[in-house]
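Q: Quick note, the sequence shown lines up with residues 3 to 170 if you use the working numbering.
Hints listed in this document are in silico derivations from the structure and should not be mistaken for laboratory results. Incorrect hints may have been included.
List time: in silico DSSO-like cross-link candidates among lysine-lysine, alpha-carbon distance up to 27 Å [unchecked claim]:
#1 128 / 106
#2 54 / 163
#3 82 / 29
#4 106 / 138
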Amino acid sequence: MSGRFSEKEKMLEAMLFASPESVPLVKLADALGCDVPVTRGLLAHMGEVYAKEQSGILLHEAEDTFRLCTNPAYYPCVQKLLQLRPKRPLSQALLETLAIIAFKQPVTKGIVEEIRGVNADHSVNKLVEYGLVEEKGRLDAPGKPILFGTSEEFLLYYGLKNVEELIL
């Protein structure tokens with residue numbers, strides 16, 4: 003293979019660049035006309051090249067979906083260009099709530115409150131607003147409380163492929 007990427011990898015790069023959101027591996031394989039293991043191998047190679055070259059973009063995988071994203075090392079330049087507000091660090095209350103949801107998911111607000119010992123309405127609502135937490139369904143119990151879990155944005159924010167990596 004000559005050059006940085008093979009023709010199939012260039013096709014994958016173009017598809018990922020054009021997509022405004024993460025793309026499932028199965029969909030990429032289908033569009034590429036390859037099977038899933040071959041496509042996964044091509045994506046792995048692409049990710050290695052981006053990392054080795056310290057490229058301005060990185061390939062991020064989250065639960066068998068892929069997307070191109072900005073290398074965090076260059077975020078300040080992008081932030082300046084797009085006039086993005088700086089990311090505010092999460093407060094202690096939000097971090098505690100997020101940790102409970104991440105490790106206990108799917109979990110109700112009531113369980114979060116029981117663990118933290120305080121009302122969790124504000125924290126859960128803020129985490130949903132920030133896109134780090136999302137509704138995952140309803141508990142089959144009186145009142146049908148909402149079950150919360152982490153989102154794909156959470157995985158991207160913390161650079162994780164899946165929530166199982168939290169335990170490692």
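Q: It remains to establish, for every hint, whether it holds in the given structure.
A: Here is how each hint holds up against the structure:
1. 128 / 106: Measuring from Cα to Cα gives roughly 18 Å; hence the hint holds.
2. 54 / 163: holds (19 Å)
3. 82 / 29: Given pair residue 82, residue 29 is violated - Cα atoms ~34 Å apart, limit 27 Å.
4. 106 / 138: holds (13 Å)
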